[in-house]
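J.: Full structure from sequences and hints, please.
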Amino acid sequence: AQSVAQPEDQVNVAEGNPLTVKCTYSVSGNPYLFWYVQYPNRGLQFLLKYITGDNLVKGSYGFEAEFNKSQTSFHLKKPSALVSDSALYFCAVRGPYTGTASKLTFGTGTRLQVTL
Amino acid sequence: DGGITQSPKYLFRKEGQNVTLSCEQNLNHDAMYWYRQDPGQGLRLIYYSQIVNDFQKGDIAEGYSVSREKKESFPLTVTSAQKNPTAFYLCASSSSGSSYNEQFFGPGTRLTVL
Chain A
5 AQSVAQPEDQ
15 VNVAEGNPLT
25 VKCTYSVSGN
35 PYLFWYVQYP
45 NRGLQFLLKY
55 ITGDNLVKGS
65 YGFEAEFNKS
75 QTSFHLKKPS
85 ALVSDSALYF
95 CAVRGPYTGT
105 ASKLTFGTGT
115 RLQVTL
Chain B
344 DGGITQSPKY
354 LFRKEGQNVT
364 LSCEQNLNHD
374 AMYWYRQDPG
384 QGLRLIYYSQ
394 IVNDFQKGDI
404 AEGYSVSREK
414 KESFPLTVTS
424 AQKNPTAFYL
434 CASSSSGSSY
444 NEQFFGPGTR
454 LTVL
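Chains as they are written, first to last, in the working numbering: chain A, 5 to 120; chain B, 344 to 457.
FYI, nobody ran anything at the bench for these hints, they're computed from the structure. Model, not experiment: these values are computed from the prediction. Check each hint, because a few of them may be wrong.
For each label pair, taking beta carbons as the anchor points, the in silico distance ranges come out as [claimed, not checked]:
hint	chain 1	residue 1	chain 2	residue 2	range
1	B	394	A	33	20 to 30 angstroms
2	A	73	B	400	51 to 61 angstroms
3	B	355	A	59	41 to 51 angstroms
4	A	120	B	422	19 to 29 angstroms
5	B	346	A	66	21 to 31 angstroms
Every residue, glycine too, gets a C-beta built ideally from N, C-alpha and C.
T.: Okay, here's the thing in C-alpha cells:
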C-alpha cells in the first residue's frame, strides 16, 4: 500500500528566509505526488503536482517542489517566506489505479509558521 | 474553494441520530470524494465515486453511507453506527480523463456530536 510521511509537525521560519517542508513517499510503480495547503477552517487548495519530467516542479504562490526518486522525497520549497504562507501543508501520493478517480493518500500535515 | 459547496458549515448531532452532509459541484467533474480530517491524522478517504450511480468504499467507510444520483451531488450520511463522528468533513472532486488530475476541495463541514 502507498504511504506518505511528513516528518515535521511544525516548521518555523522567519519572513524573507527560504522554507522547506519535507515529504517522503512509498508507492509501487510510478509516483504521482501532490502538495496542498489548508488555511484555518477551510478546504484544501492545490499547490502543485509531479507526474513526470523535470524534477523541479513550480506551482502556485511562488512554491516549488523537488522530486528525488533515489531518496523517495518530494520536498516543498519557497525561496522567500511570507507571513501569509502560514498554514497547514499536506503532501499526497496517488494510490493504485482506480479508473478515472484520482485516489490519494495524504500525509498527516506540517504546520508552517512564518514570523516577522 | 473552487466550484464546490458544502452545507452546513457547522452541524451538531445528538448521539443516535443520522445526519446528512451536502456536497454540490458545478465543475462538471465525474469523480467525487469524501474525506474525514482529524487533528494530527491528515485526511482519510471515506467514499469516492467515479460516475453517477457508482461509488466505492474508501479506507474508513464503516458507519457512513453515500449516494450519487446526480453528477453534481454526492451527499454523505453519518449514521448512528459511526462510533466517533466528531470531525471536519471535506468533499472534493476531480475531472475524468486522467487518474492523476488534482482534486478540488469544498470548504468543509464541521460535525460535532453532543
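J.: Starting from the range 21 to 31 angstroms, see whether the pair residue 346 of chain B and residue 66 of chain A falls in it by beta-carbon distance.
T.: 25 angstroms, holds
J.: Given the hint of 20 to 30 angstroms, is the C-beta distance from residue 394 of chain B to residue 33 of chain A inside that range or not?
T.: For residue 33 of chain A against residue 394 of chain B, whose Cβ atoms are near 24 angstroms apart, the range 20 to 30 angstroms holds.
J.: Quick check on a hinted range of 51 to 61 angstroms for residue 73 of chain A and residue 400 of chain B, using CB atoms only.
T.: 32 angstroms, violated
J.: Between residue 355 of chain B and residue 59 of chain A, is the Cβ distance one that fits in 41 to 51 angstroms?
T.: 47 angstroms, holds
J.: A range of 19 to 29 angstroms was offered for this pair. Does it hold for the Cβ distance of residue 120 of chain A and residue 422 of chain B?
T.: Cβ of residue 120 of chain A to Cβ of residue 422 of chain B: about 47 angstroms, so the range 19 to 29 angstroms is violated.
Against the hints set out earlier in the document, violations occur for numbers 2 and 4.
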